[in-house]
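All chains should be modelled from the sequences, with the hints used to inform the complete structure.
Number of protein chains: 2
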Amino acid sequence: MTSRTLDSITGAKRVVIKCENFQRTGSFKFRGAWNSISHLASLERKKGIIAHSSGNFAQAVALVAQILQTKATIVMPNNATPSKIQATQGYGAEVVLCGNNPGDREKMAEELVQKYSYKLVHPFDDYHVIFGAGTTAYELVRAVNRIDLLLVPVGGGGLISGCSIAAKGINPRIKVIGVEPKNADDAFRSFQLGKRVPVENPNTIADGLRTSVGEKTFPIIKEFVDDIITVTEEQIIDAMKFYWERMKLVVEPSGAVPLAGILSGNIESPLIKNKRIGIIISGGNIDLSDFFSTLKKNIQFRKDHLDHITI
Amino acid sequence: MTSRTLDSITGAKRVVIKCENFQRTGSFKFRGAWNSISHLASLERKKGIIAHSSGNFAQAVALVAQILQTKATIVMPNNATPSKIQATQGYGAEVVLCGNNPGDREKMAEELVQKYSYKLVHPFDDYHVIFGAGTTAYELVRAVNRIDLLLVPVGGGGLISGCSIAAKGINPRIKVIGVEPKNADDAFRSFQLGKRVPVENPNTIADGLRTSVGEKTFPIIKEFVDDIITVTEEQIIDAMKFYWERMKLVVEPSGAVPLAGILSGNIESPLIKNKRIGIIISGGNIDLSDFFSTLKKNIQFRKDHLDHITI
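Residue numbers (our numbering), protein chains in the order written: chain B, 4 to 314; chain Z, 4 to 314.
These are calculated hints, taken from the structure and not from any lab test.
Predicted model, so just to flag it, every value in this text is computed and none were measured.
Worth double-checking, as some hints may not be accurate.
No copy is singled out in the list; a pair is fine if it fits within one copy or between any two copies.
Calculated cross-link-like contacts (lysine-lysine; reagent style DSS-like; alpha-carbon spacing at most 27 Å) [claimed, not checked]:
(1) K244 to K299
(2) K244 to K276
(3) K185 to K300
(4) K110 to K74
What follows is the structure, given as structure tokens:
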């Protein structure tokens, strides 16, 4: 998708947006889950699969398991958004709730693996997941004439490691820049130091990017990614607002992070001006129940003030 | 755009959505404004054009005038959403504010026409505007293999009259059903009575559909539209929620009305089951300033409760 306004604001020749919010289950996670689970030996699949996730990966694994007629168990923290739990169950997966302290999910998943011999599917630190996620950039770069710069969000690093392999594989001159919330900047710091440091107290609205970069993803990032920059919470919300109001796209906070990167001014101008830029929206899953129930209440109680439907 | 979930909920063979929220200026209004203004004699255009609108037509006329390098004056009610006034001015139009009582806009526009010899462009009761709007359905029907039923919102009737001509022109067996808010059901009542009755106190969130059906549009509707049904305010909001949450599309209330029609159960089942259905989203312009400033405030004041970003 493109936007004349965005081209004009940024000074780019053309900004092309890859909309993984339109992907099945509403995020790119479907790609990696599909690639990973469909590669399992049939015996492994028969025993059932297990994953832990508070959000998008849960739904992706649940749908893949449904399509492949495999039993799926998803460990989710007990503070996960109810709509995400329901969506995961809606695809036929069994949801097991755990605590929401660091390590709780992994521990619970490990217990269930021991007990039932389920096959654990990791949300990003798995080469099949990485290569699956990389098809996002492959499709984007193949679909447009040329890309000079590709912007990708960074959480665990599955999306950007796969995308950097795909983009550089097609054309090594494509620059790949990762964008990360300043409040969860472990990948930025790891990239600067050349070695992996864990995220500390990741207090960001971009809930999909709170994890630390992975053991398998980080070496790929070091090799193929040109730079990692960070953005503030305010910049993430401004980017979301641009997508929603100007482009009519519902994008979740994590998905808006790369646009925040280009709008922030933190990327040097020669990389942008008159260049062809690819931006990946990683997903669009966001619970709007409160927004719409407030809208309904406003209709009930303020029947004569309907001109402005903001809440 | 299509949605597996929508096909499954409705029982249709395939529902195809035409996304005029992605149109320039965010609504289908650009089509009619372009067709009307570009058909003016150059002498008429030189004197400048004038239009009255509280919303989408204002922006459409302003952009067309900018592209055609014509002076545009837009009369807007003084309670119009500030963002819509700004967007109209942003395209280089002069905005003249008037009162917000019925008739105020027309009176002010008429005064300015008298004074400056501007050419008035009507938002819907103009054959060029009608035919321009009809290209929406033309593109939709041409782009998909077959359409059995087409659902279109009804306000002044410009979109549905143009779309019914286009759809029936391509294939007279396509059924065209108009969907209107129950709280602004003048087209529904006019269609039943066979003669035009004006809208009374149109208290609907679908601000684009508060106008009465037009003198030129109504005879076309009588001839080419198969039925008009109505939907409640709650049904409109539920349809918006489906678009936003499930399809990741920002759709304004008026734009969600046809989907509300099919979800309401007010269309008889044989017209839907296993049929190919076209639905037009008329636009996606909605002011989300309050939503996003609340989100920013939440970040400031509730830094430790960011898991759920609903407000």
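Going down the list of hints, with the structure as the test:
1. K244 to K299: Both: 22 Å inside a chain and 11 Å across chains, each within 27 Å.
2. K244 to K276: Classified as within; 23 Å inside a copy, 38 Å across copies.
3. K185 to K300: Answer is between; shortest inter-copy Cα gap is 18 Å, intra-copy 37 Å.
4. K110 to K74: within (20 Å within a copy, 68 Å between copies)
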